[in-house]
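A.B. asks: Work out the full structure, taking the sequences as your base and the hints as a guide.
Protein chains: 2
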Amino acid sequence: MIKIAIDAMGGDFGPEPIIEGLILAIRNNNNFTAIAVGDKEQLSKLIPPTFNDRIEILDTKDVISMHDSATDALKRKESTIYKAIELVKDGKADAVVSAGHSGASMSLATLKIGRLKGVSRPAIATLMPTSENQNTLVLDVGANVDSDAKNLFQFAIMGQAYAQVVLRLDEPIIGLLSNGEEESKGNEVTKEAYKLISKVPNFAGNVEGNDIFKGTVDVVVCDGFVGNILLKTAEGVADTISKIMKKDLKRSLISIAGAVLMRKVFKNLKLKVDYAEYGGAPLLGVKAPVIISHGKSNPKAIKNAIFQAINSASSNLDSVIEQRLEKYLINESSSKEPTL
Amino acid sequence: MIKIAIDAMGGDFGPEPIIEGLILAIRNNNNFTAIAVGDKEQLSKLIPPTFNDRIEILDTKDVISMHDSATDALKRKESTIYKAIELVKDGKADAVVSAGHSGASMSLATLKIGRLKGVSRPAIATLMPTSENQNTLVLDVGANVDSDAKNLFQFAIMGQAYAQVVLRLDEPIIGLLSNGEEESKGNEVTKEAYKLISKVPNFAGNVEGNDIFKGTVDVVVCDGFVGNILLKTAEGVADTISKIMKKDLKRSLISIAGAVLMRKVFKNLKLKVDYAEYGGAPLLGVKAPVIISHGKSNPKAIKNAIFQAINSASSNLDSVIEQRLEKYLINESSSKEPTL
Numbered sequence: 001m002i003k004i005a006i007d008a009m010g011g012d013f014g015p016e017p018i019i020e021g022l023i024l025a026i027r028n029n030n031n032f033t034a035i036a037v038g039d040k041e042q043l044s045k046l047i048p049p050t051f052n053d054r055i056e057i058l059d060t061k062d063v064i065s066m067h068d069s070a071t072d073a074l075k076r077k078e079s080t081i082y083k084a085i086e087l088v089k090d091g092k093a094d095a096v097v098s099a100g101h102s103g104a105s106m107s108l109a110t111l112k113i114g115r116l117k118g119v120s121r122p123a124i125a126t127l128m129p130t131s132e133n134q135n136t137l138v139l140d141v142g143a144n145v146d147s148d149a150k151n152l153f154q155f156a157i158m159g160q161a162y163a164q165v166v167l168r169l170d171e172p173i174i175g176l177l178s179n180g181e182e183e184s185k186g187n188e189v190t191k192e193a194y195k196l197i198s199k200v201p202n203f204a205g206n207v208e209g210n211d212i213f214k215g216t217v218d219v220v221v222c223d224g225f226v227g228n229i230l231l232k233t234a235e236g237v238a239d240t241i242s243k244i245m246k247k248d249l250k251r252s253l254i255s256i257a258g259a260v261l262m263r264k265v266f267k268n269l270k271l272k273v274d275y276a277e278y279g280g281a282p283l284l285g286v287k288a289p290v291i292i293s294h295g296k297s298n299p300k301a302i303k304n305a306i307f308q309a310i311n312s313a314s315s316n317l318d319s320v321i322e323q324r325l326e327k328y329l330i331n332e333s334s335s336k337e338p339t340l
Numbered sequence: 001m002i003k004i005a006i007d008a009m010g011g012d013f014g015p016e017p018i019i020e021g022l023i024l025a026i027r028n029n030n031n032f033t034a035i036a037v038g039d040k041e042q043l044s045k046l047i048p049p050t051f052n053d054r055i056e057i058l059d060t061k062d063v064i065s066m067h068d069s070a071t072d073a074l075k076r077k078e079s080t081i082y083k084a085i086e087l088v089k090d091g092k093a094d095a096v097v098s099a100g101h102s103g104a105s106m107s108l109a110t111l112k113i114g115r116l117k118g119v120s121r122p123a124i125a126t127l128m129p130t131s132e133n134q135n136t137l138v139l140d141v142g143a144n145v146d147s148d149a150k151n152l153f154q155f156a157i158m159g160q161a162y163a164q165v166v167l168r169l170d171e172p173i174i175g176l177l178s179n180g181e182e183e184s185k186g187n188e189v190t191k192e193a194y195k196l197i198s199k200v201p202n203f204a205g206n207v208e209g210n211d212i213f214k215g216t217v218d219v220v221v222c223d224g225f226v227g228n229i230l231l232k233t234a235e236g237v238a239d240t241i242s243k244i245m246k247k248d249l250k251r252s253l254i255s256i257a258g259a260v261l262m263r264k265v266f267k268n269l270k271l272k273v274d275y276a277e278y279g280g281a282p283l284l285g286v287k288a289p290v291i292i293s294h295g296k297s298n299p300k301a302i303k304n305a306i307f308q309a310i311n312s313a314s315s316n317l318d319s320v321i322e323q324r325l326e327k328y329l330i331n332e333s334s335s336k337e338p339t340l
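The listed protein sequences correspond, in order, to chains R and E.
Per the working numbering, the very first residue in the first sequence carries number 1; after that it's consecutive.
Per the working numbering, the very first residue in the second sequence carries number 1; after that it's consecutive.
Since no wrong hints were added, every one of them can be taken at face value.
Using C-beta positions, here's what the derived DEER-type ranges look like:
#1 Leu-74(E) with Asn-316(R): 47 to 57 Å
#2 Asn-30(E) with Gln-134(R): 49 to 59 Å
#3 Lys-250(R) with Lys-270(E): 15 to 25 Å
Once the Cα atoms are required to be at most 25 Å apart in a straight line, the calculated DSS-like pairs of lysine-lysine come out as:
#4 Lys-270(R) with Lys-214(E)
#5 Lys-112(R) with Lys-89(R)
#6 Lys-243(E) with Lys-270(R)
#7 Lys-296(R) with Lys-267(R)
#8 Lys-272(E) with Lys-250(R)
#9 Lys-287(E) with Lys-3(E)
#10 Lys-61(E) with Lys-45(E)
#11 Lys-272(R) with Lys-243(R)
#12 Lys-270(E) with Lys-250(E)
#13 Lys-243(R) with Lys-247(E)
#14 Lys-185(R) with Lys-296(E)
#15 Lys-250(R) with Lys-214(E)
#16 Lys-246(R) with Lys-272(E)
Some residues of chain E that are not near chain R, with every Cβ distance over 12 Å (derived):
#17 Phe-32
#18 Asp-170
#19 Lys-199
#20 Ser-315
Treat the hints as calculated values from the structure; they're not laboratory data.
C-beta atoms are modelled at their ideal positions from N, C-alpha and C, and glycine is treated no differently.
C.D. replies: Here it is in structure tokens:
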């Protein structure tokens with residue numbers, strides 16, 4: 001049976017939504033057990049005794065906060081995220097879910113659990129909604145800042161493997177994020193990456209920022225600096241549209257009545273753009289599934305993140321990635337070390 | 001009196017919206033005349049004789065299409081955009097407006113009109129809407145792909161000068177687009193740029209993608225590769241939200257009734273995110289105002305682009321940029337030549 005280690009304290013709202021999400025997951029899936037890492041006194045109050053056979057508590061009190069640096073996290077061996085990742089490293093758990101400090105989760109996972117053979121740098125992947133009934137997997141959205149062409153090539157392999165093996169898409173299509181569709185478009189790094197990724201089947205070439213939301217391709221590859229900016233830009237636009245509408249709404253009773261009649265439409269929209277539906281963002285390229293959840297995750301997001309971890313842990317994702325990287329013979333370690 | 005050269009044929013919809021926009025501008029502003037560059041036979045049919053004292057036609061038939069390369073455009077001396085830019089170069093017009101091939105407009109303007117003293121590479125700036133009653137000027141959104149720290153520094157100077165002198169903002173605040181607010185965030189280029197821009201007054205440090213739409217700062221600096229991606233991402237998110245809502249609307253009469261009641265809210269929203277309201281994107285750093293309009297510009301967008309050109313041409317923007325660049329003593333030409 002699969003065992004999930006979960007950092008029960010790292011989220012912005014403390015242990016409540018995390019444990020509530022874990023209990024939701026347990027109720028909906030009989031095929032896993034969990035180790036909740038955190039303050040035993042607090043956690044045991046949140047876990048009904050009926051779940052004692054499915055949820056173990058690993059008692060520890062230190063929590064890495066959003067204001068701590070990722071390098072600090074490497075030294076604080078009693079922290080919830082450190083302990084949760086150590087469980088995976090020591091073979092006591094199969095996967096880890098954390099809504100805590102994402103830089104700390106990433107650094108610790110990379111150093112403690114280790115990278116897959118052929119992977120120079122792990123990447124964070126995230127699902128973005130489209131207007132069609134599908135999503136686009138985008139990576140890297142922030143694990144690395146300065147990536148070279150080989151890094152982007154490895155992201156392409158990892159993203160395609162994840163889409164195929166975990167998301168179960170048939171022959172997922174890869175696009176390389178650029179400033180135009182033509183092969184001649186791109187900066188120095190993406191132009192070089194284009195050549196490397198051309199060797200991979202189902203590579204559709206360059207795609208643009210709007211293609212992510214059209215669902216033109218299944219996997220979009222970019223460096224983590226660009227990925228972070230596009231993620232925040234997308235959030236910003238959605239927030240702004242909603243704020244402008246809300247402000248205007250307040251000016252007229254007729255508009256408010258209209259909004260009431262349209263509430264189903266707004267609810268569906270929210271569902272589609274809500275990250276809670278997707279769970280968390282997998283860190284691809286390390287030797288065990290690591291799901292990085294939003295700090296503000298609600299119980300539903302945590303439940304879905306746990307399901308993602310289970311899906312990854314029950315797949316052969318890691319060996320698929322290693323085999324494919326070996327096949328393309330570009331699997332020698334990049335000269336650049338991962339930035340942590 | 002200011003004279004505007006306008007490429008009357010380069011837009012996606014031919015000369016009609018361009019000339020209609022020009023006539024709108026003429027009706028609303030008595031302080032300029034225009035030279036419409038294009039096929040005299042077609043254009044003269046669109047211009048009522050009463051405007052003959054305000055609009056000259058420069059007859060030429062070749063039009064650079066979206067499928068032509070920017071380098072091709074440099075050789076086609078009879079094209080509308082070539083002729084329009086030549087008018088400015090030869091001192092026969094003060095500014096140019098084009099809804100044609102943006103790469104061609106940019107390359108021709110840079111080579112023919114020339115760069116301001118101290119500017120290594122011109123940049124395209126664009127206004128983005130925020131939820132507050134203000135806009136954010138973002139540059140570069142696509143003139144260059146590989147920019148170094150000095151280029152970004154110059155973009156900061158040019159953007160701040162434009163916001164102050166042309167948009168008439170009091171002490172505009174600059175932000176550097178990065179993957180986090182802390183000074184330690186960024187890629188190699190932006191970290192170096194951070195140090196250079198720190199010397200400029202009203203520099204707020206790093207900003208993130210969502211800050212653009214919050215109106216945290218007045219001017220956001222990024223390289224053209226990132227700028228293009230964020231622009232397309234923003235467009236993509238807005239389009240997708242509208243598509244998802246429209247699809248859901250059709251499923252229910254009640255929702256449709258709601259949308260009818262909310263039409264004022266939607267109309268206001270459209271107004272805020274509509275590029276036609278802003279006109280076009282100024283190419284900053286060349287020796288005369290060049291406004292690059294959207295290929296799909298409607299008459300209103302063209303009218304506003306013409307007003308932008310007039311505002312720039314009647315300002316001392318160019319000398320302000322040159323003086324500030326000289327003052328910061330980092331105005332030696334960058335080793336990198338502009339990419340065209």
